[in-house]
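Take a look at the letters that make up each chain.
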Amino acid sequence: MLLNRYRQLLTAYVDGELSKRQRRAVDRLLRQSVEARQLLQQLQRDARTLRTLPRPALSEDLSVRIVRTIHERRLAPGRRRLANLSTNAAWFGSLAPYVAAATVLFLLGAASYLYFSVTWTPPTTTELAKSEKILPSSPPATDRAALTSPLEKDEPQTALKEPIKPKDQSNLPAVVETPTVVHNEGERSKPKDTDKPFVEPKEETTLTDRLEMFQLDRVPDTLPVVVKVADLKQETRRKSFLEELRRDTNFRIEVPCKHGTKAFERVRRAAPTIQLGLIVEKQAQERIKMKWHTNYVLYLENVTPEELIRFLQQLSDEDRKLAGGKALEEQIDRLVLTRMTEKQRKDLSSLLGIDPMPSPPSSKGPLGTDPSKPLSDQTARQLGLALAGQGTPRPEAGKKPVMPPERFALVLAYNPVRPAPGSEEIKRFLDSRKPARPGSLHVLLVLRGS
Amino acid sequence: MSADEKRLIAECNQGNTEAFGELVRRYQERLYHCVYRLVDNVEDAQDVVQEAFLSAYQSLDGFKGDSLFFTWLYRIAVNTAISLKRKRRALARIETGDEGERTFEPADSSEDNRPGYALEQAELERRVHDALNRLSPEHRAVLVLKDLEGQKYETMAEILQVPIGTIRSRLHRARLELRALLEKSEEAK
Chain A
1 MLLNRYRQLL TAYVDGELSK RQRRAVDRLL RQSVEARQLL QQLQRDARTL RTLPRPALSE
61 DLSVRIVRTI HERRLAPGRR RLANLSTNAA WFGSLAPYVA AATVLFLLGA ASYLYFSVTW
121 TPPTTTELAK SEKILPSSPP ATDRAALTSP LEKDEPQTAL KEPIKPKDQS NLPAVVETPT
181 VVHNEGERSK PKDTDKPFVE PKEETTLTDR LEMFQLDRVP DTLPVVVKVA DLKQETRRKS
241 FLEELRRDTN FRIEVPCKHG TKAFERVRRA APTIQLGLIV EKQAQERIKM KWHTNYVLYL
301 ENVTPEELIR FLQQLSDEDR KLAGGKALEE QIDRLVLTRM TEKQRKDLSS LLGIDPMPSP
361 PSSKGPLGTD PSKPLSDQTA RQLGLALAGQ GTPRPEAGKK PVMPPERFAL VLAYNPVRPA
421 PGSEEIKRFL DSRKPARPGS LHVLLVLRGS
Chain B
1 MSADEKRLIA ECNQGNTEAF GELVRRYQER LYHCVYRLVD NVEDAQDVVQ EAFLSAYQSL
61 DGFKGDSLFF TWLYRIAVNT AISLKRKRRA LARIETGDEG ERTFEPADSS EDNRPGYALE
121 QAELERRVHD ALNRLSPEHR AVLVLKDLEG QKYETMAEIL QVPIGTIRSR LHRARLELRA
181 LLEKSEEAK
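These protein sequence lines map, in sequence, to chains A and B.
If you count by the working numbering, then the first sequence holds residues 1 to 450, one letter each, in order.
If you count by the working numbering, then the second sequence holds residues 1 to 189, one letter each, in order.
Worth flagging that the hints you see were computed from the coordinates, not collected in a lab.
Just to be clear, a hint being listed does not mean it is correct.
[Claimed, not checked] Derived DSS-like pairs (lysine-lysine); straight-line CA-CA distance at most 30 Å:
| # | chain 1 | residue 1 | chain 2 | residue 2 |
| --- | --- | --- | --- | --- |
| 1 | B | K152 | B | K87 |
| 2 | A | K289 | B | K87 |
| 3 | B | K64 | B | K6 |
| 4 | A | K258 | B | K87 |
| 5 | B | K152 | A | K20 |
| 6 | A | K228 | A | K427 |
| 7 | A | K321 | A | K427 |
| 8 | A | K291 | B | K64 |
| 9 | A | K291 | A | K228 |
| 10 | A | K346 | A | K233 |
| 11 | A | K291 | A | K321 |
| 12 | A | K282 | B | K6 |
| 13 | A | K289 | A | K228 |
| 14 | A | K258 | B | K184 |
| 15 | A | K326 | A | K291 |
| 16 | A | K228 | A | K321 |
| 17 | B | K6 | A | K228 |
| 18 | A | K282 | A | K262 |
| 19 | A | K258 | A | K289 |
| 20 | A | K326 | B | K87 |
| 21 | B | K87 | A | K262 |
| 22 | A | K321 | A | K262 |
| 23 | A | K282 | A | K258 |
| 24 | A | K326 | A | K346 |
| 25 | A | K262 | A | K228 |
| 26 | A | K346 | B | K87 |
| 27 | B | K184 | B | K87 |
| 28 | A | K343 | B | K87 |
Can you make the complete structure from the sequences, with help from the hints?
Okay, here's the thing in structure tokens:
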């Protein structure tokens, strides 16, 4: 077995990056070792084969596409640095109020601590007694008697219970004596009070809720939920998933799949189940046409939790149908449901040019239309076609009518291609938006190919 | 850097996108070959090249001409390709539960077996291609830059932004790993 340093020399020899001295050393090694000669031959053959690997030709001139993208995205030299700078500034800017608040709180805390640590002296027993008289938490004797349960009165005192004040106090140290002064004169005169368990005032105050600093509270559950899509057919799974969807209105659903474009085909087939139309952005269209490996994101809104589940169930059915019983051909297995983060919402807003949440306000007209609003381009086009006799054909007798979409989802190529904001498809999508139905969701559905 | 290249870059900085189109036309093929071997997928390679050019365009005003324009371009593209490959490998690990047993796309053996190649050579090429795909993105990058692109250690260090010693040791490990993978495939034959 060759030593590692010899093997290093041999690989560097193949790279042609040896000094004269190292080269002489390798020559010597090659003369002496058969193993070294064999290894070098193999390494040289591997490198030669690598060099002769076929070089695929570029199928298109990318310059046209790149220059077009520069225009579409309005890119310019130096913009990236400015963007980075502004991102950093924005990042700091968004945190600035919190930093300021935290600093003020810290300074207040520190100042209070310093002030009280200098001015505070422990109270004497007399002071304590005086203050006890006016303590709101120390009830009068009659009230205290009422607060003490009969069970406490009758039961023998155990070690866990409050200690009974001893009758003979002459032998006790002064510290133990002090609690006797907490009762007022009236209380002391009543002989039955002396038999009651003594409750230390200090303990009583520290246990009150109003003085607790870190009280237990319910924390919103934001952990991701992983669900096997096919399992949504089961009643229990469906119910628990529905419950999750009702906890919020903005979600992100990540669907890992083997091939994004193939998975998208399943989405396309499942969409009519909930009368969902798809507006596919230009770059996504190209990639679907070419059947390229692509991740897609669908933004859908105005969809109720029940509709979303129906859609996902159909998605699973379509996946099985298209796979034709071959498990390897199935594209979709599980999904991951998370709440949409503020950043995702901002990204979506910058892409669409508006904040899509909340949805557009309800129209005022009786039929759900706003008569003051001009017709959208799409509606005007459809109306024109209908008037010209080229509209949606009437369903034939005996055939199930094809329902027109009630809402649209925007489909974008998610990664690595970034869609251009303000594209024609995005405008069409914005144009097609309808007022939100109560309880409807905003969903980012990501099809992520491996 | 040639005077013509300098002129084109200056024009780009003044907002002339056609000048940048010219730079793209000059280097796209070469960059594509390199990136293709790193990502092993036509679509990804095109996307990476496009993104690299777009990034380069946006950072063009920061290019001082200390290195060759193409080396600078290489650096952007190779790093983009490596991070893409890393992400894909991480996902593959989650999905398959093992490391490197599965490639993302089956090797297109038909391309290697086209007429004109001796059968043995084609078989070797296919195995080298497969083995290359199974290397880590960093090891693959050094082999591609060295053997396919014929770059020197110094340039490679500049492109990958690591010391020359790292390049040397990465290449050493990459070659031995490639050899081990090839031996394994020879045994399995």
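We went through each hint and held it up to the structure:
{"no.": "1", "hint": "B:K152 x B:K87", "result": "holds, 28 Å"}
{"no.": "2", "hint": "A:K289 x B:K87", "result": "holds, 25 Å"}
{"no.": "3", "hint": "B:K64 x B:K6", "result": "holds, 10 Å"}
{"no.": "4", "hint": "A:K258 x B:K87", "result": "holds, 15 Å"}
{"no.": "5", "hint": "B:K152 x A:K20", "result": "holds, 17 Å"}
{"no.": "6", "hint": "A:K228 x A:K427", "result": "violated, 35 Å"}
{"no.": "7", "hint": "A:K321 x A:K427", "result": "violated, 34 Å"}
{"no.": "8", "hint": "A:K291 x B:K64", "result": "violated, 40 Å"}
{"no.": "9", "hint": "A:K291 x A:K228", "result": "holds, 26 Å"}
{"no.": "10", "hint": "A:K346 x A:K233", "result": "violated, 34 Å"}
{"no.": "11", "hint": "A:K291 x A:K321", "result": "holds, 19 Å"}
{"no.": "12", "hint": "A:K282 x B:K6", "result": "violated, 35 Å"}
{"no.": "13", "hint": "A:K289 x A:K228", "result": "holds, 29 Å"}
{"no.": "14", "hint": "A:K258 x B:K184", "result": "holds, 28 Å"}
{"no.": "15", "hint": "A:K326 x A:K291", "result": "holds, 20 Å"}
{"no.": "16", "hint": "A:K228 x A:K321", "result": "holds, 17 Å"}
{"no.": "17", "hint": "B:K6 x A:K228", "result": "violated, 57 Å"}
{"no.": "18", "hint": "A:K282 x A:K262", "result": "holds, 18 Å"}
{"no.": "19", "hint": "A:K258 x A:K289", "result": "holds, 18 Å"}
{"no.": "20", "hint": "A:K326 x B:K87", "result": "holds, 28 Å"}
{"no.": "21", "hint": "B:K87 x A:K262", "result": "holds, 21 Å"}
{"no.": "22", "hint": "A:K321 x A:K262", "result": "holds, 13 Å"}
{"no.": "23", "hint": "A:K282 x A:K258", "result": "holds, 23 Å"}
{"no.": "24", "hint": "A:K326 x A:K346", "result": "violated, 41 Å"}
{"no.": "25", "hint": "A:K262 x A:K228", "result": "holds, 19 Å"}
{"no.": "26", "hint": "A:K346 x B:K87", "result": "holds, 24 Å"}
{"no.": "27", "hint": "B:K184 x B:K87", "result": "holds, 26 Å"}
{"no.": "28", "hint": "A:K343 x B:K87", "result": "holds, 21 Å"}
Hint compliance for this structure: hints 6, 7, 8, 10, 12, 17 and 24 are broken, all remaining hints hold.
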